[in-house]
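Protein chains: 2
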Amino acid sequence: MPASYAYLGPEGTFTEVALRTLPEAATRELIPYVSVQSALDAVRVGEAEAAFVPIENSVEGGITTTLDELVAGTPLMIYREVLLSITFALLVRPGTKLSDVKTVTAHPAAQPQVRNWLKTHLPDAVWESAASNADGARLVQEGRYDAAFAGEFAAARYGLEPLETGIHDAENAQTRFVLVGRPARPAAPTGADKTSVVLWQRDDHPGGLRDLLGEFATRGINLMLLQSRPTGAGIGNYCFCVDAEGHISDRRMAEALMGLKRICLQVRYLGSYPRADVRPGEVRPPFPGTSDEEFVGAADWVARCQDGRF
Amino acid sequence: MPASYAYLGPEGTFTEVALRTLPEAATRELIPYVSVQSALDAVRVGEAEAAFVPIENSVEGGITTTLDELVAGTPLMIYREVLLSITFALLVRPGTKLSDVKTVTAHPAAQPQVRNWLKTHLPDAVWESAASNADGARLVQEGRYDAAFAGEFAAARYGLEPLETGIHDAENAQTRFVLVGRPARPAAPTGADKTSVVLWQRDDHPGGLRDLLGEFATRGINLMLLQSRPTGAGIGNYCFCVDAEGHISDRRMAEALMGLKRICLQVRYLGSYPRADVRPGEVRPPFPGTSDEEFVGAADWVARCQDGRF
Chain S
1 MPASYAYLGP EGTFTEVALR TLPEAATREL IPYVSVQSAL DAVRVGEAEA
51 AFVPIENSVE GGITTTLDEL VAGTPLMIYR EVLLSITFAL LVRPGTKLSD
101 VKTVTAHPAA QPQVRNWLKT HLPDAVWESA ASNADGARLV QEGRYDAAFA
151 GEFAAARYGL EPLETGIHDA ENAQTRFVLV GRPARPAAPT GADKTSVVLW
201 QRDDHPGGLR DLLGEFATRG INLMLLQSRP TGAGIGNYCF CVDAEGHISD
251 RRMAEALMGL KRICLQVRYL GSYPRADVRP GEVRPPFPGT SDEEFVGAAD
301 WVARCQDGRF
Chain U
1 MPASYAYLGP EGTFTEVALR TLPEAATREL IPYVSVQSAL DAVRVGEAEA
51 AFVPIENSVE GGITTTLDEL VAGTPLMIYR EVLLSITFAL LVRPGTKLSD
101 VKTVTAHPAA QPQVRNWLKT HLPDAVWESA ASNADGARLV QEGRYDAAFA
151 GEFAAARYGL EPLETGIHDA ENAQTRFVLV GRPARPAAPT GADKTSVVLW
201 QRDDHPGGLR DLLGEFATRG INLMLLQSRP TGAGIGNYCF CVDAEGHISD
251 RRMAEALMGL KRICLQVRYL GSYPRADVRP GEVRPPFPGT SDEEFVGAAD
301 WVARCQDGRF
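The listed protein sequences derive, respectively, from chains S and U.
Residues in the first sequence are numbered consecutively from 1, following UniProt numbering.
Residues in the second sequence are numbered consecutively from 1, following UniProt numbering.
The shape of chain S in the complex, shown without the other chains (with noise of 0.2 Å):
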């Protein structure tokens, strides 16, 4: 059997062209899964090496179906993640005219990021939720609706055209995906990282996530994403998926997440991987006072002061 990835199916959708982006997705079969469920439970009972999964997107915020899935169940880790600039094409079957367009169809997921060009361009036109954005696509090729909103790549696949491309109401519309596998020692740092855990807190008082956020901020560790997720204890209870600049092999991440140990009912730890959004020599310095060598000369510092050395 090849090393294969998961991902979220089905094929010609978004996750699969940004899941192409990667390297060694080129020497791995890619098997398209149902659901985010479905593909993370592959990796976790060993039917696949990793699975490829949205995590977050501009206008929608966290991806809750997938944070759910990494909060719970069988700990797994993130390796990598992927950028995808999203916007939408209006395929249609080939001479099909927008003023022939009554009906049209995409995921649900979809619609907050069409909104406002339907109401521009296609005000009478009804909307029909479909599985995923290539199912529309096929629905239309089918002839159950007029157009479908999906990638452009996808046009070809079912012999479908592009009647409309760039099609986003949200400027900088993106979403990030990672792939995830089953626990290892993460990959090492590249300079440019980004480390994500769930923090659950020991109780609940003011201050508390105060507290927690502070174990970051005196180490000088800047907060990428904070995703409150319901703990399935009743309204208000809630854990929190943080992702954060840095790389667990850094002194100072290494120290906040110890101090996170310490103060937290529990810790899991999603992983350290490679940022996309930026490039090694892009990242900003470490705040003053928090690089690995002044963690290093502190920690001697104080060793000579139990010395008697200092």
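There's no promise every hint is true.
Said to hold, decoys possible - Label-pair ranges, simulated between beta-carbon atoms: (1) Q111(U) to D277(S): 29 to 35 Å; (2) N116(S) to E24(U): 33 to 39 Å; (3) I263(U) to Q266(S): 28 to 34 Å; (4) D307(S) to I263(U): 38 to 44 Å; (5) E29(S) to G166(U): 42 to 48 Å; (6) Q266(S) to Q111(U): 24 to 30 Å; (7) H205(S) to R44(U): 34 to 40 Å; (8) R304(S) to G289(U): 36 to 42 Å; (9) D277(S) to R20(U): 46 to 52 Å; (10) H205(U) to G191(S): 38 to 44 Å; (11) R157(S) to H205(U): 53 to 59 Å; (12) Q111(U) to N116(S): 27 to 33 Å; (13) A187(U) to E161(S): 54 to 60 Å; (14) T190(U) to N116(S): 37 to 43 Å.
Claimed, not checked - Facing chain U, according to a computed beta carbon distance under 7 Å, are these residues of chain S, among others: (15) N172; (16) R176; (17) L209; (18) L213; (19) A217; (20) G220; (21) I221; (22) M224; (23) P230; (24) G236; (25) V283; (26) F287; (27) G289.
Calculated from the structure, these hints are not laboratory results.
Just so you know, these numbers come straight off a predicted model, no measurement behind them.
For each residue, glycine too, the CB sits at the ideal point set by N, CA and C.
Once you have looked at the hints, place chain U on chain S.
Frame of chain S; chain U shown alone:
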């Protein structure tokens, strides 16, 4: 025109049941709207006095459609909240047995709350999404599906029978609803109140969010919800919807909001309103040093010091 409340329809959903628990609903005309957006727009344009919509769910977390509507556009204010325990009934046409059920339907939000029950009791049933739980019940009445998950109260309206009741995967599954109106003076404090605000950071730096939360923590104010929502400016750009214990007329809350107003790029006040989870007598006393009396006493002391009268 009688005073009317818009609510997320159709009739016969959990939202209507929750709305009818409010005494003031008895004297208003209750008008169902097809979406959260349209219900809130009815308030914005003066078509309705207030709108009643879901805002938080113990399984899915903050309801992003509602939060995004409150974050953007013409400011609105929350006046009341209602907590409703959510358990589903499996509604069927009279005479249907569990073994006859091959297809089931409900609103997509119901799925994570009945998934385990389905796996155990109807592992082979095919799931199809409906526009609402009430609409699912209607489709069962019409014979399009065999069974619908909906509130037991919906059975009579659609000539159906509850085959099973009390279905819920998560214990304590609750949804929180809010009554939203145009901005006005908030109701007087009851002693058990909640204040909602939206916070935008001035810039992105280590400790930025910790400092915002510190404005609450420093005054002994507990947070009940912190939900990040994309600002639309691309991945990693978030504002924060915060629910905090207390009323804007409490000295500690007023001072915290002043602190946030000083350090945030923008603060949107969403209202102070009675908590639905506890009664006034059940609220824990203010954190030491944060009662109104202590704030007044401390202000007097500083004034005396400034005056040389300590």
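Outcome of the hint check:
1. Q111(U) to D277(S): 29 to 35 Å: Holds: the Cβ-Cβ distance is about 33 Å, inside 29 to 35 Å.
2. N116(S) to E24(U): 33 to 39 Å: 35 Å, holds
3. I263(U) to Q266(S): 28 to 34 Å: Taking Cβ atoms as reference, I263(U) and Q266(S) lie about 31 Å apart, which means the hint holds.
4. D307(S) to I263(U): 38 to 44 Å: 43 Å, holds
5. E29(S) to G166(U): 42 to 48 Å: 45 Å, holds
6. Q266(S) to Q111(U): 24 to 30 Å: 27 Å, holds
7. H205(S) to R44(U): 34 to 40 Å: 38 Å, holds
8. R304(S) to G289(U): 36 to 42 Å: Because 40 Å falls inside the window, the suggested range holds.
9. D277(S) to R20(U): 46 to 52 Å: Roughly 48 Å apart at Cβ, these two residues keep to the hinted range, so it holds.
10. H205(U) to G191(S): 38 to 44 Å: The hinted range 38 to 44 Å is violated for H205(U) and G191(S), with Cβ atoms some 20 Å apart.
11. R157(S) to H205(U): 53 to 59 Å: Cβ of R157(S) to Cβ of H205(U): about 45 Å, so the range 53 to 59 Å is violated.
12. Q111(U) to N116(S): 27 to 33 Å: Taking Cβ atoms as reference, Q111(U) and N116(S) lie about 29 Å apart, which means the hint holds.
13. A187(U) to E161(S): 54 to 60 Å: 57 Å, holds
14. T190(U) to N116(S): 37 to 43 Å: With Cβ atoms ~41 Å apart, the hint holds.
15. N172: 4 Å, holds
16. R176: Since the shortest Cβ distance to chain U is 6 Å, the answer is holds.
17. L209: 6 Å, holds
18. L213: 4 Å, holds
19. A217: With Cβ-Cβ at 3 Å, under 7 Å, it holds.
20. G220: Holds. Min distance 5 Å.
21. I221: 6 Å, holds
22. M224: 5 Å, holds
23. P230: 5 Å, holds
24. G236: With a closest approach of 5 Å, the G236(S) hint holds.
25. V283: At about 13 Å, which exceeds the 7 Å cut-off, the nearest Cβ of chain U leaves the hint on V283(S) violated.
26. F287: 5 Å, holds
27. G289: Cβ of G289(S) sits 11 Å from chain U, so the hint is violated.
In terms of the numbered hints stated before, the structure departs from hints 10, 11, 25 and 27, listed from lowest to highest.
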